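Q: These are the residues of each chain, in order.
There are 4 protein chains.
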Amino acid sequence: MATARVSIVGVSGYAGVELCKLVSAHPALTLSAAVADRWAGAPLGERVRLRGPAASVVVAPMKDVAAAANAEVALLATPADVSARVAPLLLARGVRVVDLSGAFRLRDASAYPRWYGFEHPAPELLAEAAYGLPEVPELAPSLAGVRLVANPGCYATAAILAVAPLLAARLASPDAIFLDGKSGVTGAGRKVEERLLFNEVDENVGAYRVGRHQHTPEIEQALGIVAGARAQVTFTPHLVPLRRGLVVTAYGRLEGGADLARVRAAFARYYAKRSEVVVVAPDEVAIARVANETHALVGAHADEERRTFVAVAALDNLLKGAASQALQNVCAMLDVPFAAVAS
Amino acid sequence: MATARVSIVGVSGYAGVELCKLVSAHPALTLSAAVADRWAGAPLGERVRLRGPAASVVVAPMKDVAAAANAEVALLATPADVSARVAPLLLARGVRVVDLSGAFRLRDASAYPRWYGFEHPAPELLAEAAYGLPEVPELAPSLAGVRLVANPGCYATAAILAVAPLLAARLASPDAIFLDGKSGVTGAGRKVEERLLFNEVDENVGAYRVGRHQHTPEIEQALGIVAGARAQVTFTPHLVPLRRGLVVTAYGRLEGGADLARVRAAFARYYAKRSEVVVVAPDEVAIARVANETHALVGAHADEERRTFVAVAALDNLLKGAASQALQNVCAMLDVPFAAVAS
Amino acid sequence: MATARVSIVGVSGYAGVELCKLVSAHPALTLSAAVADRWAGAPLGERVRLRGPAASVVVAPMKDVAAAANAEVALLATPADVSARVAPLLLARGVRVVDLSGAFRLRDASAYPRWYGFEHPAPELLAEAAYGLPEVPELAPSLAGVRLVANPGCYATAAILAVAPLLAARLASPDAIFLDGKSGVTGAGRKVEERLLFNEVDENVGAYRVGRHQHTPEIEQALGIVAGARAQVTFTPHLVPLRRGLVVTAYGRLEGGADLARVRAAFARYYAKRSEVVVVAPDEVAIARVANETHALVGAHADEERRTFVAVAALDNLLKGAASQALQNVCAMLDVPFAAVAS
Amino acid sequence: MATARVSIVGVSGYAGVELCKLVSAHPALTLSAAVADRWAGAPLGERVRLRGPAASVVVAPMKDVAAAANAEVALLATPADVSARVAPLLLARGVRVVDLSGAFRLRDASAYPRWYGFEHPAPELLAEAAYGLPEVPELAPSLAGVRLVANPGCYATAAILAVAPLLAARLASPDAIFLDGKSGVTGAGRKVEERLLFNEVDENVGAYRVGRHQHTPEIEQALGIVAGARAQVTFTPHLVPLRRGLVVTAYGRLEGGADLARVRAAFARYYAKRSEVVVVAPDEVAIARVANETHALVGAHADEERRTFVAVAALDNLLKGAASQALQNVCAMLDVPFAAVAS
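Residue numbers (the working numbering), protein chains in the order written: chain A, 4 to 346; chain B, 4 to 346; chain C, 4 to 346; chain D, 4 to 346.
The hints are simulated quantities; they were obtained by calculation from the structure and are not laboratory data. Quick caveat: nothing in here was measured; it's all calculated off a predicted structure. Don't be surprised by glycine CBs; every beta carbon is placed ideally from N, CA and C. One thing to keep in mind: the hints can contain errors.
With the C-beta cut set under 10 angstroms, the calculated list includes, among others, these residues of chain D facing chain B [stated by the list, open to error]:
| # | residue |
| --- | --- |
| 1 | R52 |
| 2 | E127 |
| 3 | D205 |
| 4 | N295 |
| 5 | E296 |
| 6 | H298 |
Cβ-to-Cβ under 10 angstroms is the rule here; a few derived chain C residues that face chain B [said to hold, decoys possible]:
| # | residue |
| --- | --- |
| 7 | G187 |
| 8 | V188 |
| 9 | K194 |
| 10 | F201 |
| 11 | E203 |
| 12 | D205 |
| 13 | L245 |
| 14 | V281 |
| 15 | V283 |
Below, in silico cross-link-like pairs of lysine-lysine (DSS-like), each with a Cα-Cα straight-line distance of 25 angstroms or less [said to hold, decoys possible]:
| # | chain 1 | residue 1 | chain 2 | residue 2 |
| --- | --- | --- | --- | --- |
| 16 | D | K66 | D | K24 |
| 17 | C | K194 | A | K24 |
| 18 | A | K276 | A | K66 |
| 19 | A | K66 | A | K24 |
| 20 | B | K194 | B | K24 |
| 21 | B | K194 | C | K194 |
| 22 | D | K276 | D | K66 |
| 23 | D | K194 | A | K194 |
| 24 | B | K66 | B | K194 |
| 25 | A | K194 | A | K276 |
| 26 | B | K24 | D | K24 |
| 27 | C | K194 | C | K66 |
Sequences and hints are given; from them, build the entire structure.
A: Written as structure tokens, this is what we have:
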């Protein structure tokens with residue numbers, strides 16, 4: 004069978020490793036190149052347990068990032084400022100790009116200095132980039148001819164999946180949504196920092212980046228599109244003592260004639276034909292049920308007395324929150340089935 | 004020195020063990036009796052590492068709960084339905100009571116069947132019971148002559164401590180407050196249930212009792228008193244993989260002229276003279292900093308753009324959320340200093 | 004392609020779930036029947052995330068265990084006393100059996116009352132059963148015509164893999180081998196017992212069954228065959244706060260001309276052509292590197308000064324210590340490749 | 004009451020913090036000085052929750068380590084090479100020293116380059132230093148007039164406590180003892196290293212420093228003194244996913260007429276009058292029972308069939324394995340009771 008070539012930049016991080024495994028296991032794809040300074044010069048198979056030809060791909064250093072142009076689609080698992088520089092180079096060589104960082108998620112270039120700490124070097128690409136969350140079709144109806152896909156943030160994915168059905172059905176107010184996130188430690192990447200030491204994380208939970216997490220504008224942009232109105236979210240992430248997975252609990256006010264039955268029906272309908280989002284009761288949404296899985300779980304409750312809702316979503320931050328989501332996008336771009344790799 | 008006699012009913016649970024340690028270490032108190040079926044007949048010192056005379060107190064079975072009447076104050080660390088039956092017996096014998104269950108926290112007897120699953124056997128005591136959270140003086144100005152104290156719930160304590168300063172200063176709206184709780188596993192007590200097995204809890208976080216946790220009416224009652232208006236809360240607890248401690252993150256709308264400076268000032272002022280509540284930045288509120296400690300940490304943020312607040316409180320569910328809180332109440336009732344036992 | 008039918012008895016335990024996934028993913032096998040009281044009546048796909056036809060296999064209750072006879076090979080993931088009764092029934096119907104319990108591991112029927120607590124109901128099968136650890140060929144040269152395979156115990160697998168190369172090469176003395184095991188909690192199965200509660204296991208390590216763990220005679224039997232002499236082992240298991248995986252550290256005296264170079268060479272040679280045992284430095288043997296993997300890691304050190312050795316082996320107790328080991332055995336019995344399912 | 008002045012060098016590490024708490028809580032001691040670069044200039048009370056005058060002691064930088072001479076006894080919680088330089092300075096000023104590092108534990112100066120990586124700068128002190136493990140009186144009969152005490156290593160303490168009763172009673176052979184250690188992560192100190200990140204430690208157990216841990220010669224020296232014969236130990240430490248506490252499981256051959264009854268009697272007798280070592284059954288020795296406690300648990304089993312023993316010891320590596328052990332030594336030096344601080 005003719006397979007499509009896919010390259011990966013940033014293979015040595017947690018998401019990069021997952022991308023290697025997923026791409027090399029997909030029967031319609033071939034891993035054609037891999038880039039990362041940390042592993043430069045080594046065959047991939049020495050660092051990741053892989054079978055087949057992907058194991059012998061030799062990792063190129065970042066200075067030779069052009070090696071990633073030997074592909075139909077390049078996956079970027081690099082920091083946002085790196086992606087913002089690398090994506091234009093690859094696009095210029097005719098390679099389509101799925102970027103896992105935040106570099107192309109926000110349409111408003113002026114938001115980058117505040118939320119990401121850099122002036123965007125390629126603002127003209129922001130309007131072109133498609134936000135790749137296929138279960139929320141309001142965001143990008145099709146990836147068929149798309150050159151550049153912004154893969155959603157891990158918290159953002161859970162938040163949007165939890166709230167979109169309510170906003171799409173006009174059952175909740177978009178102007179004051181509260182999001183409480185709890186993430187395992189792989190969400191912070193492979194950094195050697197004191198706050199990520201075992202002794203700091205174990206037997207501990209705490210809030211961080213209160214009022215300034217960079218997924219806030221991304222979520223507001225997406226939910227605003229779904230609601231057809233300005234969305235405002237207050238988001239607080241928390242670090243919890245586990246490795247993989249996150250859960251977001253969303254709160255807000257019901258609107259119009261919303262009641263419990265309508266809320267449940269809205270979720271069932273919105274995700275009816277989606278293999279990678281499964282609707283359950285909110286008490287059954289749990290990280291352990293999605294760790295190492297490619298699907299998200301969502302569930303919602305309506306408090307009819309207080310006219311409020313609670314919606315919960317859980318996913319594996321390295322899979323549905325990063326790598327398997329990226330592969331869903333690659334498959335949609337190339338029009339090949341994703342299901343083949345989901346276990 | 005003459006010391007006051009204190010008895011404990013329900014010594015064998017997690018909170019009971021902490022009560023034993025605290026009471027026996029307090030120089031102004033003597034542990035005069037202990038009751039629990041699980042340890043009946045054994046000297047306390049065989050089950051809890053205690054020094055001094057408390058070690059030789061022999062545990063009585065529940066059928067001899069009257070043994071607890073040999074005290075000036077009895078502490079009840081029993082399930083709510085048991086406390087509801089035992090407290091009247093002890094009060095009738097002239098013993099003052101601090102109850103750690105929910106049996107006397109709600110003023111409205113008709114709420115018990117819905118939230119606690121039983122018809123209250125002593126509704127006449129509900130009006131008399133003082134809600135013992137001394138750092139929120141609106142709730143019970145003094146315990147000097149009080150016979151019956153309802154010790155607050157662990158989540159409720161954190162929720163009330165996080166929100167009371169804002170409501171007292173009229174900086175936030177009481178009518179839609181969202182509370183997201185994350186608790187370690189001792190919060191569920193020492194039950195042998197499948198959901199509390201290591202394999203279920205480890206590497207997992209999930210919501211439970213969505214829309215039906217029994218601390219909801221307790222928090223609404225307390226915050227309503229502080230606000231001088233009806234308070235409505237939507238509360239979702241989550242189980243996190245650790246033993247001791249919980250954190251509650253509260254969300255809602257700012258009101259009036261609230262801004263970040265006023266919010267911070269309100270917290271600083273409200274807890275200025277309180278040794279057992281410490282105000283810090285919200286990013287510094289963490290379970291590991293309060294585990295095995297008798298104080299709570301609180302911190303708040305105001306999002307001036309979206310007109311919302313985030314307030315975070317952490318405490319040890321077995322100490323400030325149960326046993327050391329109870330001891331604060333005993334000390335206030337007997338007019339002896341609490342500080343002696345805080346380490 | 005014609006596929007072989009495989010049935011599973013005891014699908015609802017941890018090992019049973021892994022067997023379901025492995026069998027249903029193997030291109031040469033078809034899951035033809037599943038038995039377990041806990042899930043009786045439900046299609047397997049409602050309890051385990053499976054793709055393909057295995058999802059619609061309806062689970063039979065144990066009273067209909069004969070349903071498992073619809074297969075060329077039946078896998079038994081049942082307690083030892085159950086396996087001892089069920090295996091003869093299936094063999095009598097012409098089905099080959101791989102048993103994951105200890106029911107057929109010991110050749111000496113008189114050992115069962117002491118180590119397993121029951122009189123063996125089918126002692127005549129003990130001589131026939133092959134001990135299925137293919138990387139230690141001294142134990143069972145071939146499974147080609149074998150009707151009954153005893154799948155090794157999880158600790159026993161690690162212990163034997165750690166020590167066999169030394170005994171086979173006559174580099175260590177078989178008469179006083181010390182084995183220190185550390186296992187995650189899935190090793191204990193899905194039992195609702197107080198000692199397996201999160202609050203008992205978390206932040207804890209302790210020895211259990213000191214001097215009386217039932218894998219002791221199994222290891223002595225296997226190592227005795229490899230050594231060609233009586234082997235005596237002293238084995239102490241410990242529970243560690245994690246879910247999957249175990250490590251066994253083995254100690255003993257060097258023999259003959261053993262030195263570090265010869266010890267290393269013996270391990271390299273013994274496992275040279277084995278895909279499911281990988282030799283590394285002893286400091287690199289770690290549970291996290293084998294969790295969710297089908298291979299074991301082993302490494303050894305020789306202390307030339309003290310004339311002792313240290314050998315370490317790690318594996319996933321549910322895979323190489325149970326389910327994937329069983330599948331290796333099934334594949335060997337049917338002469339189909341195992342590699343297809345190893346990821 | 005007149006109190007003795009105690010200074011602490013290295014207050015900012017995990018053991019240093021525990022020393023602060025213990026010294027400041029002891030009624031017969033006054034914390035007179037504290038030294039650590041990390042906290043230099045800050046009052047101790049800002050970094051450690053302390054009550055009383057110790058909170059206002061201002062931390063001095065290491066260049067002013069002479070500040071620690073304002074004391075009758077100085078506690079050194081510094082790396083071995085630092086202690087080796089600082090102890091002579093303080094001794095020269097007439098201050099007695101308890102050193103928590105390995106700098107003065109080995110009598111043989113020539114062992115330091117191999118096991119600690121430095122040439123010892125004060126070898127003349129090695130003969131003078133007393134090894135401060137009071138429950139093993141063979142090692143140092145009294146600390147009454149002693150100027151310099153080497154506080155035992157954490158693993159070494161557990162290993163010696165587990166084996167000493169057997170060697171003292173001549174029930175076990177000293178020439179091939181196998182020690183398997185499992186320690187929580189505070190045992191490694193507060194280092195920001197990749198191997199100590201949460202993602203590396205969580206759900207993992209692995210051996211480290213196989214054949215080269217620096218407690219090996221320390222244990223051999225101590226056990227040799229107890230046995231009155233050369234002792235040889237093979238020691239393998241493992242890192243386990245928890246914060247505080249360690250367990251050592253010791254193995255070896257029984258000697259002479261040893262049987263289970265004699266082994267048990269030897270332990271009971273050896274620790275009969277010791278408050279800080281408690282003898283229990285080996286299955287009851289567990290880290291969770293000694294975490295945050297000042298005592299160790301030990302238990303032993305004899306396998307009469309195989310003529311081997313298993314002895315298990317658990318302790319809190321920061322308390323009985325470091326800080327509370329040091330305080331026991333200070334109290335013995337000053338002839339004041341230790342019990343006052345044990346909780």
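Q: Of the hints given before, which are not true for this structure?
A: 2, 14, 15, 17, 18, 22, 25
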